[in-house]
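Novice: Chain B with the ligands: place on chain A using the hints.
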Amino acid sequence: MSDQQKILEEVTGSEYKFGFTTDVEMEVAPAGLTEDTIRFISAKKEEPAYFLEWRLKAFRHWKKMTEPHWGYFKYDPIDYQVQSYYAAPKQMPKKASMDEVDPEVRKTFEKLGISLQEQKRLSGVAVDAVFDSVSVGTTFQKQLRDVGVIFCSMSEAIREHPDLIQKYLGSVVPYSDNFFAALNSAVFSDGSFAYVPKGVHCPMELSTYFRMNAQNTGQFERTLIIADEGAYVSYLEGCTAPMRDKNQLHAAVVELIALDRGEVKYSTVQNWFPGDKDGKGGVFNFVTKRGLCAGHHSRISWTQVETGSAITWKYPSVILKGDHSHGEFYSVAVTNNHQQADTGTKMQHLGKNCKSRIVAKTISAGKSNSSYRGLVRVAKNADNARNYTQCDSLLVGDKCGAHTFPYIEVKNKSAQVEHEATTSKIGEDQIFYCNQRGIGTEEAVSLIVNGYCREVLNQLPMEFAVEAQKLLSVSLEGSVG
Amino acid sequence: MSMLIINELHASIEEREILKGISLTVNPGEVHAIMGPNGSGKSTLASVLAGRETYEVTSGSVAFDGKDLLDMAPEERAREGMFLAFQYPVEIPGVSTTNFLKTAVNEKRKAVGLAPLDAVQFMKMMKEKMSLVQIDQTLLSRSLNEGFSGGEKKRNEIFQMAMLEPRLGILDETDSGLDIDALRLVANGVNKLRNKDNAFVVITHYQRLLEYIVPDFVHVMYNGRLVKSGGKELALELEDKGYDWIKEEAHEMA
Ligand SMILES: Nc1ncnc2c1ncn2[C@@H]1O[C@H](COP(=O)(O)OP(=O)(O)OP(=O)(O)O)[C@@H](O)[C@H]1O
Ligand SMILES: [Mg+2]
Numbered sequence: 001m002s003d004q005q006k007i008l009e010e011v012t013g014s015e016y017k018f019g020f021t022t023d024v025e026m027e028v029a030p031a032g033l034t035e036d037t038i039r040f041i042s043a044k045k046e047e048p049a050y051f052l053e054w055r056l057k058a059f060r061h062w063k064k065m066t067e068p069h070w071g072y073f074k075y076d077p078i079d080y081q082v083q084s085y086y087a088a089p090k091q092m093p094k095k096a097s098m099d100e101v102d103p104e105v106r107k108t109f110e111k112l113g114i115s116l117q118e119q120k121r122l123s124g125v126a127v128d129a130v131f132d133s134v135s136v137g138t139t140f141q142k143q144l145r146d147v148g149v150i151f152c153s154m155s156e157a158i159r160e161h162p163d164l165i166q167k168y169l170g171s172v173v174p175y176s177d178n179f180f181a182a183l184n185s186a187v188f189s190d191g192s193f194a195y196v197p198k199g200v201h202c203p204m205e206l207s208t209y210f211r212m213n214a215q216n217t218g219q220f221e222r223t224l225i226i227a228d229e230g231a232y233v234s235y236l237e238g239c240t241a242p243m244r245d246k247n248q249l250h251a252a253v254v255e256l257i258a259l260d261r262g263e264v265k266y267s268t269v270q271n272w273f274p275g276d277k278d279g280k281g282g283v284f285n286f287v288t289k290r291g292l293c294a295g296h297h298s299r300i301s302w303t304q305v306e307t308g309s310a311i312t313w314k315y316p317s318v319i320l321k322g323d324h325s326h327g328e329f330y331s332v333a334v335t336n337n338h339q340q341a342d343t344g345t346k347m348q349h350l351g352k353n354c355k356s357r358i359v360a361k362t363i364s365a366g367k368s369n370s371s372y373r374g375l376v377r378v379a380k381n382a383d384n385a386r387n388y389t390q391c392d393s394l395l396v397g398d399k400c401g402a403h404t405f406p407y408i409e410v411k412n413k414s415a416q417v418e419h420e421a422t423t424s425k426i427g428e429d430q431i432f433y434c435n436q437r438g439i440g441t442e443e444a445v446s447l448i449v450n451g452y453c454r455e456v457l458n459q460l461p462m463e464f465a466v467e468a469q470k471l472l473s474v475s476l477e478g479s480v481g
Numbered sequence: 001m002s003m004l005i006i007n008e009l010h011a012s013i014e015e016r017e018i019l020k021g022i023s024l025t026v027n028p029g030e031v032h033a034i035m036g037p038n039g040s041g042k043s044t045l046a047s048v049l050a051g052r053e054t055y056e057v058t059s060g061s062v063a064f065d066g067k068d069l070l071d072m073a074p075e076e077r078a079r080e081g082m083f084l085a086f087q088y089p090v091e092i093p094g095v096s097t098t099n100f101l102k103t104a105v106n107e108k109r110k111a112v113g114l115a116p117l118d119a120v121q122f123m124k125m126m127k128e129k130m131s132l133v134q135i136d137q138t139l140l141s142r143s144l145n146e147g148f149s150g151g152e153k154k155r156n157e158i159f160q161m162a163m164l165e166p167r168l169g170i171l172d173e174t175d176s177g178l179d180i181d182a183l184r185l186v187a188n189g190v191n192k193l194r195n196k197d198n199a200f201v202v203i204t205h206y207q208r209l210l211e212y213i214v215p216d217f218v219h220v221m222y223n224g225r226l227v228k229s230g231g232k233e234l235a236l237e238l239e240d241k242g243y244d245w246i247k248e249e250a251h252e253m254a
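In order, the protein sequence lines correspond to chains A and B.
For the first sequence, the numbering used here puts the final residue at 481, and the numbers step up evenly by one.
For the second sequence, the numbering used here puts the final residue at 254, and the numbers step up evenly by one.
For reference, chain A alone in the conformation it holds in the complex:
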C-alpha cells in the first residue's frame, strides 16, 4: 500500500465533533405510531381542533403510501413502530423568557456555539433553537416584531397566527406530496415560522438550530417562511445530533413562499451525525424542501452545505409560477466513510421569462456514494425560460462513487437549458504542489476542496461561510494522501 493510500484510509476515520449527549429530564411519548400518538402530540402543543384534523388526514393518507426507494442508496427497512415521535425537556419556559430554559439544554446550545442569551448573540442573527421535538426559545423576537416580522416556533404560529397557517401551511408541499411529507404532516412537533410583511427588508438573519438529542426518537420539523410583496428575508438552518449506534430518523418539510417581488434566501448547513467509520448509526435524513415563487419578479434561493447524515434524500426545489421569477440552488454535498447522499433540485418553470440556476458540487471520499439528481421542467406556457445547470463531482480516493442523474423536460420551444457536468479527482500533482510549498496533505485537501466549493460557499452569509469551511475540512479530515 502506498503512503498516499495509507493516509487516505486513516483520514476517513475522522471523529464527529458534535456527538455528545445531554442529560436532561425528558418527556417522551411511548414508542409507536397510531392516531393516539398524533392526538397526544397535538394536545401537548395545545393545537386548535382544525389542526388536529389536518394531521389526522395526513396520517390516514400516509398509511396508504409506501416508502420510496428510487434513491441511489441502500438501507435496512425502517420500522415506524419502534421509535418515539415526541420528546421534550420537562422544564420549558412558559413565556418568551430564556431564563427558564433548562440550564442543561442551554449549555448544550452554548457548546454548539449557539448562545440563547441575546446580549451574547452575534448582532444581526435571530435564532430559534429546537431541541428534539420542541422549540426552546427564539431570540430577538421583540426587535423583529417592531418592524412587523413574525419569527417564532411553528407551535406558537399554529396557536397565534391561524390565518397565516391556514392560508400557507401545506400550500407548497401538500401532505399528499410524498411518503415522508405525509409522515411529517401527521407527526411534526416543531420548527420555525417566519413572516415578513409587505415591503419589509428583514433587518437581521433569521436562523434555526436543530439539535436531536433523545434516543430512539425521530425529529420531524416543519418550517414555513413567507416573504410578502417586496419583502426580503435570509434564513439559515443548522443541525447536529449525538453519536448513537442506532439510526435516527429525520423527516422535515420546509415551505418557502415569495409573493410579488418578494425574496427568500434559505441556507442550510446540515451536519447530522453521519454514522461511525464502519457505517454504524447515523441519521436518515429524508427531507422535502420546496419554494414557491408565487408572485412576479420573486426570487427564491437555496444554498446547502450537506456534510452529515448516513443517508440524505433531499431536493430543495423551486416552482417558478410568477412571471420573471428567479430560482437558484447552490449545493455542496460531502460524503465520507459509508455515507450515502442522493440530493439535487427541481426547477419547475411555469411563468414566463423565468430564470433558474443550479450549481451542485459533490465531494465523495472513503467508501461513500454521492448522487446529484435534478429535474428542470419547462411547462408549455413558460415562454423564454432560462436554466443553467452545472454539476461537478470531486472524488477523493478510489473507493467512493459519484453519480449524476439530470432530467430535462421542455415543452416550450423558446426555452434555453444549459447543462454542464465535470468529474475530477484531487490530483496527486495538486497535493504535491501544495506540499512543496510547505502545506501538509490534510491542509492541502481542505484548501483544494474549499476552492472547489468557492462558488457555493460565497452564497452563504459571512459568519456561516467560515463555519461551513471549517466543517468541510473536518468532514474530510484524513480522507486523502
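If you are wondering where the hints come from, they were derived from the structure by calculation, not from laboratory data.
Every residue, glycine too, gets a C-beta built ideally from N, C-alpha and C.
No false leads were slipped in.
Reference listing, derived: stretches of chain B covered by chain A, where coverage requires no fewer than 3 residues with Cβ under 8 Å from a Cβ of chain A:
hint, segment
1, 51 to 65
2, 70 to 76
3, 93 to 102
Specialist: Positioned in the frame of chain A, the structure of chain B with the ligands alone reads:
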C-alpha cells in the same frame, strides 16, 4: 558547511532507472546551473529533491543542511527551506495565489514556532515582494494558475519563491516561455533574493538566462548523470557547439 550534498543518487520510475548516480555539492551563496538535452533527467532530479513520491530512490543519499533530506516528507523539506519553481505549475481552481500563499507562509511559520501573520502584516509582505518581481495584484486574486499564460505562471512561481524566502531555490526552466522583458524581471528578482546564505539551482536550456543570473558552476546532465562541470563559460560553449560532443565524451567514458 555545505548546504546540499547529493551523493551517488539513483532514482527510478516504474522499474526504469532515470537518475544513474548523481553527485553534487552546493554551498551557501552559490548558483549552479544544470543544462542538458531533453529527457536527460533534470526535472526528475528536481522532483526527487522536492520529495515527489512517484520516483523511487534506489540508492544514494542527500544531506540538506546536515539533515537526511530523503527522510523528510515534501512539506517538511519545504519548511526547511527547499523551494521548487515548477516547470509545469499546477492549477488549483477557486484558490487565489494570495490565499494559497497565506496558508503556505503561515504553515512554514507554524513549523518554526512563529505566530501566523495577520492580514495587515501579510499584505505588507505581499506588497514588498510584488514590487520585487513586478507582478500584478489582479493576477494574485485569480485562481492559482488557472488560465494563466505561460509567462504569468512562471512569474507567479518566482513571486511565490520571493514570499517563501527559501534557503535553496530550484528553478526548473523558469525561463522557457518568457519574453525578453519578463526574463529580465524574473532574473532581477532572483538576483535581488540572492545572498550569502542561500543558494540556487537553475535548470535551463538557454545560456541567455545565465547572462542575467550568473552561475558559479555549470553542469551538464546526460542520460541520468552529470557528465561535465565547469564555470559559466561552459554554457557559452554548449550554446555554440550543442550537445553532441558531450554525448560522445560520455559514451567514450562509459
Ligand atoms: N512520471 C513519469 N513516468 C514515466 N516516465 C517519466 C516520468 N517522469 C519522467 N519520466 C522519464 O524520465 C526521463 C527524464 O525526464 P525529465 O523530465 O527528468 O527530463 P528533463 O531533463 O527535465 O527534460 P526536459 O529538458 O525536456 O524538461 C524521460 O525519459 C521521461 O520520459
Ligand atoms: Mg524538465
